[in-house]
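J.: Knowing the structure of chain A, use the given hints to seat chain B on it.
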Amino acid sequence: MTQPLVQVENLKMHFPIKGGILGKTVGSVKAVDGISFSIKKGETLGLVGESGCGKSTTGRMILRLLEPSDGTIYFEGRDITKLSTNEMRKTRSEMQMVFQDPFASLNPRHTIGKILEEPLIVHGVKDRQGRKQRVQELLEVVGLSSYHASRYPHQFSGGQRQRIGIARALAINPKLIIADEPVSALDVSIQSQVLNLLQDLQKEYGLTYLFIAHDLGVVRHISDRVGVMYLGQLVEISESEDLYRNPLHPYTQALLSAVPIPDVTYKQERVILQGDVPSPVNPPKGCPFHTRCPKAMEQCSNIRPELKELEQGHHVACHLYD
Amino acid sequence: MEYPMIEVKDLQTSFRTDTGEIPVVNSVSFHLEPGEVLGIVGESGCGKSVTSLSIMGLVPTNTGKVQGKIQFKGENLATASEARMRKIRGNEIAMIFQEPMTSLNPLFTIGEQLTESLRIHRKWNKKQARARAIEMMKLVGLGRAEALMDEYPHQLSGGMRQRVMIAMAMICEPELLIADEPTTALDVTIQAQILELMKKLNRETNTAIMMITHDLGVVAEMCQRMVVMYAGKIVEEGDVSTVFQSPKHPYTVGLIQSVPDMREKKERLYSIPGQVPKPGSQKLGCQFAPRCTHAMDRCLSEAPPLQPFNNGQKVRCWLYGDGKGADIYDSAISSS
Numbered sequence: 163m164t165q166p167l168v169q170v171e172n173l174k175m176h177f178p179i180k181g182g183i184l185g186k187t188v189g190s191v192k193a194v195d196g197i198s199f200s201i202k203k204g205e206t207l208g209l210v211g212e213s214g215c216g217k218s219t220t221g222r223m224i225l226r227l228l229e230p231s232d233g234t235i236y237f238e239g240r241d242i243t244k245l246s247t248n249e250m251r252k253t254r255s256e257m258q259m260v261f262q263d264p265f266a267s268l269n270p271r272h273t274i275g276k277i278l279e280e281p282l283i284v285h286g287v288k289d290r291q292g293r294k295q296r297v298q299e300l301l302e303v304v305g306l307s308s309y310h311a312s313r314y315p316h317q318f319s320g321g322q323r324q325r326i327g328i329a330r331a332l333a334i335n336p337k338l339i340i341a342d343e344p345v346s347a348l349d350v351s352i353q354s355q356v357l358n359l360l361q362d363l364q365k366e367y368g369l370t371y372l373f374i375a376h377d378l379g380v381v382r383h384i385s386d387r388v389g390v391m392y393l394g395q396l397v398e399i400s401e402s403e404d405l406y407r408n409p410l411h412p413y414t415q416a417l418l419s420a421v422p423i424p425d426v427t428y429k430q431e432r433v434i435l436q437g438d439v440p441s442p443v444n445p446p447k448g449c450p451f452h453t454r455c456p457k458a459m460e461q462c463s464n465i466r467p468e469l470k471e472l473e474q475g476h477h478v479a480c481h482l483y484d
Numbered sequence: 094m095e096y097p098m099i100e101v102k103d104l105q106t107s108f109r110t111d112t113g114e115i116p117v118v119n120s121v122s123f124h125l126e127p128g129e130v131l132g133i134v135g136e137s138g139c140g141k142s143v144t145s146l147s148i149m150g151l152v153p154t155n156t157g158k159v160q161g162k163i164q165f166k167g168e169n170l171a172t173a174s175e176a177r178m179r180k181i182r183g184n185e186i187a188m189i190f191q192e193p194m195t196s197l198n199p200l201f202t203i204g205e206q207l208t209e210s211l212r213i214h215r216k217w218n219k220k221q222a223r224a225r226a227i228e229m230m231k232l233v234g235l236g237r238a239e240a241l242m243d244e245y246p247h248q249l250s251g252g253m254r255q256r257v258m259i260a261m262a263m264i265c266e267p268e269l270l271i272a273d274e275p276t277t278a279l280d281v282t283i284q285a286q287i288l289e290l291m292k293k294l295n296r297e298t299n300t301a302i303m304m305i306t307h308d309l310g311v312v313a314e315m316c317q318r319m320v321v322m323y324a325g326k327i328v329e330e331g332d333v334s335t336v337f338q339s340p341k342h343p344y345t346v347g348l349i350q351s352v353p354d355m356r357e358k359k360e361r362l363y364s365i366p367g368q369v370p371k372p373g374s375q376k377l378g379c380q381f382a383p384r385c386t387h388a389m390d391r392c393l394s395e396a397p398p399l400q401p402f403n404n405g406q407k408v409r410c411w412l413y414g415d416g417k418g419a420d421i422y423d424s425a426i427s428s429s
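If you read the sequences in order, they're chains A and B.
When you read off a place in the first sequence, starting at 1, and then add 162, the result is the number in my numbering.
When you read off a place in the second sequence, starting at 1, and then add 93, the result is the number in my numbering.
Excised from the complex, chain B in its bound form:
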């Protein structure tokens, strides 16, 4: 039987605090095919980074609890042992972190950090590993790779460090790359270089990419499918073109409209009233209901399920209770 590359089912990650266990990721399910680029979008605190940490098995075990299934090529990572996870991490699943400044070890040279995973996972000798590392650095567009191997992270600029991070993540040819806000800390011209590089790697090595970001522009440019998260839950899922052209959940609609468009000037920006709720603060009903302009009585008492549409789009909203509902995006556009 063919498995998807990764299938997350009813993932629930919660953290223990003084006031009890607080779920940060709440019954999240999605899947990723080989070679696919999936975007996970949401605002701070929506649980997108915790989702990726859960997949990597990096949620601290003393305070965090991961439940549900994370099927990676048929194997459940949620119950895998630490020893097994160590074999998978950096080898089959690799991750790029947001902060290129803090995610490299300042005490080791670039070369030492790049070759580490080859030496551990592949048991290569120093010479082989070094040659491969240099090759990889050239692939990510770092000139003078040989010299850089013996330099320390502080000698590199932000863009170069992020390239090193990508080289490090890609060096064992992982099947899945999780990129958590890979370009947020970078300037736009450097961001363009890095996105171009990730696209190229995806094309050439067929690596599946899970792109976690808050930037809708990055999603539109990079991804084939996208998942929108709000307060720990998936509120909308679908092909990027479908979601951008006919977003269904009021949150997605609001999010798309609140981004100022560089191509034309609007008189006034749309803004979603209120603010993101604290995790665990709201128990009943739809998480978005207090900020939603379309909220009905039912939204406050009953949590809506994620309902599939014929075109593959899935939406968690009572407006589409009977599978149809009004097209709120069109009416929102015409009213603004």
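Chain A on its own, in the form it takes in the complex:
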């Protein structure tokens, strides 16, 4: 078997809550609570879930923008959780991030040229002329023109800014791109342009994507495999076709049925969930979803279900399939 590009094992992120007059740790927000998955070379793994489920935190931990509380991350077979800051910075030339907010993630005082040149300087491209040329190339790759290099971020629209964000991530030829809600701030007609660009770039440069989003339609469109997160845990992961055609976990079923379909002739059976997502400070015992699950059984409130492979490549964490 070929080695996966990224392998994550039992990853956890517990943010401490400080309280009291002495600022002692009084509890923790269990943003990500023990998840494992892998991303193969050249594929797109989609990570979906509602706000606060830990999908963005997971993306940031893989880049070690956040230090995981526990667990291991292997990048090309190498454990990167123990690398020093310096070594990690070198490794980051192979993994880059595209952020959600195209308005906040570009420095308003820098020209686009400078923004795109920065990763090249950081990663030690010494040749000044070569850097300038690379910037021009990058702009053309993402569908902008080389004269844009002297402009400032405020002179661009949301869609164009997201293209700049993508160009910046591509600057140093990474292998992995973590895209955290890259199209959710964009209008529908612009969103499809950016999605097509991401797909073209993947084909051309053989990129691997971790695509984090809450829009299930977008995730299906772009992903080869999809993982569903709920309250810091991975409840289901499978080939995307499989997951959408035959969702096994009751949460995935509810999530898929909740999406309004832009087709008037289509009538769907909708599972309406009651209540809100519980607080990650004090997640329910047993299965995290049992408080809202229409199919909850007795054991669900006591024993946390393990993620098990039910069918070829289709993993689910649910007691219904014990």
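Source of the hints: derived by calculation from the structure; they are not laboratory data.
Some clues are possibly wrong.
The calculated label-pair distances, taken between Cβ atoms and stated as ranges, are [to be verified]: (1) B/178 with A/430: 38 to 48 Å; (2) B/389 with A/273: 37 to 47 Å; (3) B/228 with A/346: 33 to 43 Å; (4) A/463 with B/173: 56 to 66 Å; (5) A/273 with B/113: 24 to 34 Å; (6) B/357 with A/286: 37 to 47 Å; (7) B/160 with A/251: 32 to 42 Å; (8) B/377 with A/346: 29 to 39 Å; (9) A/443 with B/366: 41 to 51 Å; (10) B/237 with A/463: 15 to 25 Å; (11) B/357 with A/346: 15 to 25 Å; (12) B/237 with A/460: 17 to 27 Å; (13) B/155 with A/463: 50 to 60 Å; (14) B/367 with A/266: 16 to 26 Å.
All of these numbers come straight from a predicted model, not from anything done at the bench.
Beta carbons are placed, not taken as given, at the ideal position from N, Cα and C, and that holds for glycine.
T.: Chain B in isolation, oriented as in the chain A frame:
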């Protein structure tokens, strides 16, 4: 004579800027019958929110100018006095805003905010108003309503706050509810709850709803009729089923095709080239012409009128200059 619930005629809202007066909503006309749910769809900057603010009389008077007719049960709101508008707002026309996080006052309890409109419009006493508020909160599916009355907005989740907003909007039994992106800030499972609730209220109280959204899925699910706006103008109008099954304006066609369908995977998404023009940047011709794959010479020089079809659909496009024109949706489908 029977009036429609609300009839907007040639609404033109413009804002004064350093470079002159810029029209953001441009000769928009539509109507709404009692109990009807109308969807207004468009991308950011198309003027859909400004349309609703104009109806509510909430366009700032120092920079904005509202012209045209907004007939609400036979009365023109565009010329109504501020005192009169205050009587109508929250009482006969209510609005739900997009941001449940910022549209509640953080310094007042939920109870105080919910009962305010009853106390002002109906002159109810505290006890009566409180009882009605609790009843309303139960109707929108908020458990432990009594306790919530004395809590502050920060103690509630996003979904709960949006329910409070809906309860607040519905408490005086308005005849028209304007919902401006009511579920955009919410997660899908919470969105499903809120949409279900709005449908129920529409059925049970016969409140007409004007649903402003960019999500075509929400429109398909909630609305009977829809209006598509682009750069301040209505480009297409019709029954939801007609517009979805045979969209006529190239923009509507593009919009419907650019949404990734959750049920099947397409090799490649259709995308409309270019970007939405800045308001006031283009004076001549059709606003959509620079992005349109079907644009002709005429589109660049002459603005098309909104033309009615026999089935009630209206389209603003020169492709249908003689009322017929090619069916571009079929050809777009077969080519993709």
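J.: Each hint should be assessed against the structure and marked as holding or not.
T.: Status of the hints after comparison with the structure:
{"no.": "1", "hint": "B/178 with A/430: 38 to 48 Å", "result": "41 Å, holds"}
{"no.": "2", "hint": "B/389 with A/273: 37 to 47 Å", "result": "39 Å, holds"}
{"no.": "3", "hint": "B/228 with A/346: 33 to 43 Å", "result": "37 Å, holds"}
{"no.": "4", "hint": "A/463 with B/173: 56 to 66 Å", "result": "57 Å, holds"}
{"no.": "5", "hint": "A/273 with B/113: 24 to 34 Å", "result": "30 Å, holds"}
{"no.": "6", "hint": "B/357 with A/286: 37 to 47 Å", "result": "46 Å, holds"}
{"no.": "7", "hint": "B/160 with A/251: 32 to 42 Å", "result": "59 Å, violated"}
{"no.": "8", "hint": "B/377 with A/346: 29 to 39 Å", "result": "35 Å, holds"}
{"no.": "9", "hint": "A/443 with B/366: 41 to 51 Å", "result": "47 Å, holds"}
{"no.": "10", "hint": "B/237 with A/463: 15 to 25 Å", "result": "22 Å, holds"}
{"no.": "11", "hint": "B/357 with A/346: 15 to 25 Å", "result": "22 Å, holds"}
{"no.": "12", "hint": "B/237 with A/460: 17 to 27 Å", "result": "26 Å, holds"}
{"no.": "13", "hint": "B/155 with A/463: 50 to 60 Å", "result": "58 Å, holds"}
{"no.": "14", "hint": "B/367 with A/266: 16 to 26 Å", "result": "24 Å, holds"}
When the structure is compared with the earlier hints, a violation turns up for hint 7 alone.
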